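Protein chains: 2
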Amino acid sequence: MSDGLNMSRRIRRTPYTDSVEKLGVRGFSVVNHMLLPKAFQPTVEEDYWHLRRHVQIWDVSCQRQVEISGIDASKLVQLMTPRDISKCDIGQCMYVPIIDSDAGLINDPVLLKLAENHFWLSIADSDVLLYAKGLAIGKGFDVSVKEPEVFPLAVQGPKAEKLLVQIFGSDVSKIGFFRFGWINFCGTKQLIARSGYSRQGGFEIYLKGAHLGKKLWNTIWEAGKNSNILPGCPNLIERIEGGLFSYGNEMTIANNPLEIGLEKYCTLDGSIDFIGREKLQEIAKSGVKQKIKGIIFDGDPCPTCSVPWPVTVGEKQVGAITSAIWSPRFKSNIGLSMINHKFWEKGQPVNVHVPNEAVYNGKISDTPFKD
Amino acid sequence: MSDGLNMSRRIRRTPYTDSVEKLGVRGFSVVNHMLLPKAFQPTVEEDYWHLRRHVQIWDVSCQRQVEISGIDASKLVQLMTPRDISKCDIGQCMYVPIIDSDAGLINDPVLLKLAENHFWLSIADSDVLLYAKGLAIGKGFDVSVKEPEVFPLAVQGPKAEKLLVQIFGSDVSKIGFFRFGWINFCGTKQLIARSGYSRQGGFEIYLKGAHLGKKLWNTIWEAGKNSNILPGCPNLIERIEGGLFSYGNEMTIANNPLEIGLEKYCTLDGSIDFIGREKLQEIAKSGVKQKIKGIIFDGDPCPTCSVPWPVTVGEKQVGAITSAIWSPRFKSNIGLSMINHKFWEKGQPVNVHVPNEAVYNGKISDTPFKD
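These protein sequence lines map, in sequence, to chains A and B.
Residues 37 to 407 in the working numbering are what the first sequence spells out, letter by letter.
Residues 37 to 407 in the working numbering are what the second sequence spells out, letter by letter.
Don't read these hints as lab results, they were simulated from the structure.
Please note that a few of the clues may not be correct.
Which copy is meant is left open, because identical chains are indistinguishable; a pair holds if it fits in one copy or across any two.
[To be verified] DMTMM-like, lysine to aspartate or glutamate: derived pairs with alpha carbons at most 20 Å apart:
| no. | residue 1 | residue 2 |
| --- | --- | --- |
| 1 | K175 | E314 |
| 2 | K175 | D407 |
| 3 | K58 | E393 |
| 4 | K182 | D138 |
| 5 | K315 | D178 |
| 6 | K210 | D407 |
| 7 | K175 | D108 |
| 8 | K399 | D334 |
| 9 | K244 | E381 |
| 10 | K182 | D120 |
| 11 | K261 | D407 |
| 12 | K123 | D309 |
| 13 | K175 | D138 |
These figures come from a predicted structure and were not determined experimentally.
Generate coordinates for the entire structure from the input sequences, incorporating the hints supplied.
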């Protein structure tokens, strides 16, 4: 009983919440002041196998969009991220870490370039809207910064493409990975991207217009019955195995992007200007002191990790696990952890301290975890 | 089962979470990416009567502090709010609406002035940290903006003062309303303010140092046993009756402070400069088109309001209720609502549409609700 979630307007419902409730959702999380369904199947493992084999429909409306448009839009977006956004085409999605002047991570959204000087940042759990507003006001930029009425719905899993082609036509197939196109739905044009928070393939429909939510959900649901469709949500086993990191879990404002292995998204040669550049160049020069790594560890299926679990070598704490779960494929517990540079080599033996439970033997691994 | 809350590191535990779990907390909300206990007693009504008669201890760590310090600190804080902060003494708490350039509310925190150019903003549910960072960077201000390790613990109710005097000494009595002083605890100096999110009186201890959390909780809990202390949390009946508004519920970024009745906290004569001033002056000149009001309405005890409930007069929607509950004192349902200016007079008959339930007769009331 201790894990009930008290509802209020502040914890915003989505256009799909009625539908997920009707389908028996068993729990929610809260992301960006909005409900994110977190459990449908009796176990995370059943959900995991289904996601890997069939197709699921996910209410990910909590991936709020921060819309930045106007004359100075590109300038503002570039200031916020170390990634060179001049390389982003219209119709492209780009993963862009956002940092502050200390190079601390503020968010790790996906940027969608809708037009020259017209962007959406599809955000993880922090109010990027307020950071962008503060910067725009402070700099006196000529931009509009707002949260539009857009409610992403993900269709994930190996059968996702076939299902969406069946509903929306064969053009869906032509959309490349991390690219987006447009579909017609009820007389409206809706954005669809080949993206999503799983490694099983699929799409995200960025629905504009809450009133169309029930209809969109039902259209996909009905058409999906032949494909064994089920309601779903980001699956913790699949996400950890696949090395998909989560803002607030694996990374916070206390971390810089190099610690999270995001070097390839950081242009540090001075060719672009962004907030935190000097600090990030310094860090790159001296080398990071900790980095995100996988850990495989013993024991029965572990409980939920809701506080960092200390990781030790001998008497020394060398890091902490921030997300962990039993992997049915690896037949072992697996976790994501921030680990001291002296102990981050693959195969390094460590001890994992699960609070109020026990200490387990483990070893450092790369991510994604590999067979 | 549909209201379970899935736990993760991202939904941060507090130094008091172990204690509230031990005492049988029955539910949480999430505020500022942190757990807020939401239910202990079997009913909200039992909790309500207890709060009005005795003393309660509340984990309100989710009231995160945004610490702004440095040469330009006053300048930055003043830019963020229409309230004249030059009138704030060291040792004073001040309720300061924060707005953007469109005069939309970003938060409604309590400002604590620790020293010249050293402030805490004790925030409601939005990342003021990011707004302040954006502004500071954009303006090139010489300030530090961060979230310190401070975890407020509230002691509320008519017996709060006596209890805290017993534990921390008689100086606690000398602290005026919305002023703060300092207490000694385990060799540390801790800030204590006469404040809190109820109309029953009490204090908030802004504990610095998570490791002292359990000890502080237990010290108050043990000493409080003679005063019939219970664990508690902001009580929905008490808050609505008392006209305490909640950011995200009664107000969002779509509202300006004049709609929320915060005129007295807005200096619009041009003597201070802040973001959104021109827009707010315009709104003041033309008059607001809607305002927050109470509504008393018929029916059996109403369900939880998790989406705005339409309020109509004849065929016309004239507003919406955003929080509502059965009041045992008024023996009626009461709600807080945003109401069109043509229908906001006290006594105006309205209809309240509770989704999937019924339409009830109601009438407009002032807040706080009065006997």
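How the hints compare with the structure:
1. In the homo-oligomer, the alpha carbons of K175 and E314 lie at most 20 Å apart both inside one protomer (19 Å) and across protomers (18 Å), since each shortest distance falls under that limit.
2. For the identical chains of this complex, K175 and D407 are neighbours neither inside a copy (50 Å) nor across copies (51 Å), given an alpha-carbon limit of 20 Å.
3. In this assembly of identical chains, the alpha carbons of K58 and E393 lie at most 20 Å apart only when taken from different copies (17 Å versus 37 Å within one copy).
4. Taking CA atoms no more than 20 Å apart as the test, K182 paired with D138 passes between copies only; the shortest distance there is 11 Å, against 25 Å inside one copy.
5. Taking the shortest alpha-carbon separations for K315 and D178, only the inter-copy value of 17 Å comes in at or below 20 Å, while the best intra-copy value is 27 Å.
6. Within a single copy, K210 and D407 get their C-alpha atoms no closer than 31 Å, and across copies no closer than 67 Å, so neither meets the 20 Å cut-off.
7. For the homomeric pair K175 and D108, the shortest alpha-carbon distances inside one copy (10 Å) and between copies (16 Å) are both at most 20 Å.
8. In the homo-oligomer, the alpha carbons of K399 and D334 lie at most 20 Å apart inside one protomer (9 Å), although the nearest pairing across protomers, at 63 Å, exceeds that limit.
9. For the homomeric pair K244 and E381, neither the shortest alpha-carbon distance inside one copy (46 Å) nor that between copies (37 Å) is at most 20 Å.
10. Proximity of K182 and D120 under a CA criterion of 20 Å is satisfied in neither setting, with 23 Å inside one chain copy and 27 Å between copies.
11. In the homo-oligomer, the alpha carbons of K261 and D407 never lie at most 20 Å apart, since the shortest distance is 32 Å inside one protomer and 57 Å across protomers.
12. Within a single copy, K123 and D309 get their C-alpha atoms as close as 14 Å, which meets the 20 Å cut-off; across copies the closest is 40 Å, which misses it.
13. When the C-alpha separation of K175 and D138 is checked against a cutoff of 20 Å, the pair qualifies both within a copy, at 18 Å, and between copies, at 16 Å.
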